[in-house]
Amino acid sequence: MSERRQRIWAPILILVALVILWEGLVTAFNIQQFLLPKPTAIVGNLVQVVVVGSATSGDAEEEASLGNRFLVVLPGGLSPERQAVLEASRWLSFPLGSRDVFVLRGSNFMPILAASWFTLKEALGGMAMGTVAGIAVALATTRWAASREALLPFAIAANSMPIIAFAPIMNNWFGIDNPFSKMAIVTIMIFFPIMINTVRGLTSVDSRSLELMHSYAASDSEILMKLRIPNALPSLFSGLKVAGALAMIGAIVGEYFGGPRIALGVFITQEAALFRFATAWAAILVACLLGIAIYLVILLAERLALPWHQTFRA
Amino acid sequence: MTGPVVILDNVEKIFGEGASDQVHALKEINLQIEENEFISLIGPSGCGKSTLLRVVGDLIQPSSGVATVNGKSANQARLDQDYGIVFQAATLYDWRTVAKNVQLPLELMQYSRSEKELRTQAMLELVELTDFASHYPWQLSGGMQQRVAIARALSFEPSILLMDEPFGALDEMTRERLNLELLSIWRKTDTTVLFVTHSITEAVFLSTRVIVMSARPGRITADIAIDLPQPRNADTRSSVRFFELETQVREELRISEGGQEPERKPA
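Going down the list, the sequences are from chains A and B.
Going by my numbering, the first sequence opens with residue 339, and the numbers climb by one from there.
Going by my numbering, the second sequence opens with residue 1134, and the numbers climb by one from there.
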């Protein structure tokens, strides 16, 4: 149990230490924000903490704008307009001593969320298509051994295709604003890991298991359903985990070559072009979290689908 | 049933025929197995005893000669699902529980749901694993896994049980216990058993006949009737007759290996 707790807490402690170090070093060496923004400046785009009623502060500039700073300290006695703003974007507020603390939605939270949702749909759509295609080709190559020799060179060719070179062509084919152009890129990116892992699982069947099936006079389709497919599930999930990470990358890289303003890749390039690097970093942070979320969902699905697998043997 | 269950008529098997490194695995194999016999094939490794078992089970085609099983070709017997088979490794499917593994042949043979459950229950009782029905194979010891494999092989009452060194990977204690269990199952089910082993003690203890084979090419060099009284039990191993038969099998193995002392298995 303590080992399990350690496995959870150790990475969190390291993360916190790294963030503090990052913040400290950027401040100490006065690094320009376009080179590397502070973690607080990045997070400030997504969430802000406003402390109202501080006696020490009364800066006119701070009064004017909340900016995108993570921590804002305001004097008491706010104007009705400012009060309205705080109320409107408030997630929660609580009193802290004589002061009031507001936790606010950051000014870029909604734009980044909307862009992430758009890009996530592209990634998931591409993942669905690539997975279906990869499994279908894997099944075909297993069913008809001759087709393996015929199809494998194309699969390898598709895999060695530089995806960055491919993205503008997909944009041209399906339209730059059409999410399908990004889904196509993701599909091509994840097809290979899915297919090759599934083929491996379908064909690497223990010869004794096959003899057993033959001794029962099982048909090819029965061998497929009762032996090959269950045998392939663990390696299919390994392929899916690789594909999950690739899917977000593929969608965002595709968007770098053009896409609607609402897409995450476009959002990042535009914010960077406008020197709003902290905002770009905030979008990257969210993309990263989405990638982790996809991975965790696949992990959960694997655990539910393969309770017998050695990975989960306690 | 009348007539022998298995007839092997001049069976030959050459692997990689015509190639410079061809292997003459089986040569001039003539063998008849009567109903309800328990036959052990014993011989040095590489003598083709597993190949012979697979020829009987139609998992390998002989290069020449004919295998007749239950009065039909081995292929027809396989299609008629006359064989139960047990390997050295239990070969259970990891994704199936113990009960589902036992049911595998019943599913393939389209048994009704109630029949499947009835037989699974009976088989698990036979191998004393009723409490482990919903366990997965990895939760079981090697000996228990092998008992599941035996239950699976017997679940559809095959007329012939083919066993390829089924207890070879188990420790001596477990092996002796499973030998006794196998004999009691054999008595209860009227199955004909073809059993491959390289343990002399095991062969003599279990069998009604021991077939001794030699290596390269694999030939039958001796056919020894084991006239120990049935039912056999732990005392059988300490009888004088058991010792005599064991010595006889060992002697035949030595001759079949061209005078070399065969590798002695710990008793």
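What the hints contain is simulated information worked out from the structure, not anything from laboratory work.
Idealized CB from N, CA, C, for every residue including glycine.
A portion of the hints provided could be inaccurate.
Label pairs and their computed distance ranges (CB to CB) [as the list claims (entries may be wrong)]:
1. B:S1196 with A:R538: 30 to 36 angstroms
2. A:S498 with B:L1251: 53 to 59 angstroms
3. B:R1246 with A:N516: 47 to 53 angstroms
4. A:K579 with B:Q1155: 43 to 49 angstroms
5. B:S1274 with A:L548: 23 to 29 angstroms
6. A:E560 with B:N1163: 33 to 39 angstroms
7. B:E1248 with A:S557: 18 to 24 angstroms
Listed next, the in silico DSS-like pairs over lysine-lysine satisfying Cα-Cα at most 25 angstroms (straight line) [unchecked claim]:
8. A:K564 with B:K1321
9. B:K1321 with B:K1233
10. A:K564 with B:K1160
11. B:K1233 with B:K1249
12. A:K459 with A:K564
13. B:K1249 with B:K1321
| request: Please name the hints from earlier in the document that this structure breaks, with their numbers sorted from lowest to highest. | output: Failing hints, ascending: 8, 10, 12.
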